[in-house]
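Asker: Residue numbering for the sequence shown follows the numbering used here, beginning at 1 and increasing consecutively.
Misleading hints may appear alongside valid ones.
Below, simulated SDA-like cross-link-like pairs (lysine to any residue); rule was C-alpha separation at most 20 Å, straight line [said to hold, decoys possible]:
hint : residue 1 : residue 2
1    : K9        : R48
2    : K9        : E112
3    : K9        : F35
4    : K9        : L94
5    : K9        : I51
6    : K9        : W43
7    : K9        : L101
8    : K9        : D49
9    : K9        : A39
Distance ranges between label pairs, derived from CB positions [stated by the list, open to error]:
hint : residue 1 : residue 2 : range
10   : E112      : R78       : 41 to 49 Å
11   : V65       : I24       : 17 to 25 Å
12   : E137      : R111      : 28 to 36 Å
13   : F87       : K9        : 23 to 31 Å
14   : R86       : D49       : 38 to 46 Å
15   : I51       : R86       : 35 to 43 Å
16   : W43       : C104      : 14 to 22 Å
17   : V20       : G114      : 27 to 35 Å
18   : Q85       : R111      : 37 to 45 Å
19   : E112      : I24       : 34 to 42 Å
20   : R78       : G114      : 40 to 48 Å
Everything labelled a hint here was simulated from the structure, so no lab data went into it.
On a predicted model such as this, the values are computed, not experimentally measured, just so you know.
The beta-carbon is built from N, C-alpha and C at its ideal position, and this holds for glycine as well.
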Amino acid sequence: MELPTVNLKMILLVHWLLTVWGCITFSGPYPWANFTVLAVGVWAVAQRDSIDAISLFLGGLAATVFLDIVHLSVFYQRTGFSDTQRFGAGMAILSLLLKPLSCCFVYHMYRERGGEHLLYTGFLGPSQERSDYQTIESPEVPADPFVGSEGRGHSPQGY
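Could you build the full structure based on these sequences and the hints that come with them?
Answerer: Spelled out as structure tokens, the structure:
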């Protein structure tokens with residue numbers, strides 16, 4: 001199944017809006033973490049061919065999923081919220097729920113920009129990659145180094 005094409009600017013706009021609304025209720029590390037990652041996302045928009053920018057944005061989104069879970073679980077109050085604070089908490093939770101989907105879209109963009117798999121699973125078995133490197137224990141027999149282009153099959157001339 002092919003992922004639909006989503007513009008990186010739209011992902012940034014949605015998460016920026018939800019983060020601003022989430023800051024109504026949560027302060028401190030919540031805005032620092034999320035706005036820092038969004039700034040890296042702006043860098044990824046500006047540098048369209050940069051694999052580093054999109055990979056850092058992807059890593060930041062994945063990290064803020066964990067950080068948002070911790071922040072919401074520590075600072076969320078079950079009672080005592082006004083309507084505005086409940087709205088802000090709801091937008092922060094919605095942002096958290098949308099981040100894994102955004103990570104999938106950003107990973108797809110990372111692969112389109114030429115990035116490789118982020119996780120190397122070589123410990124599970126041999127690698128399927130082929131390269132020009134030839135091992136020492138090669139079954140191929142090398143060509144005769146003493147055969148020149150002028151005298152194939154003749155012995156070399158002595159001086």
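Asker: So, against the hints stated earlier in the document, which numbers end up violated here?
Answerer: none
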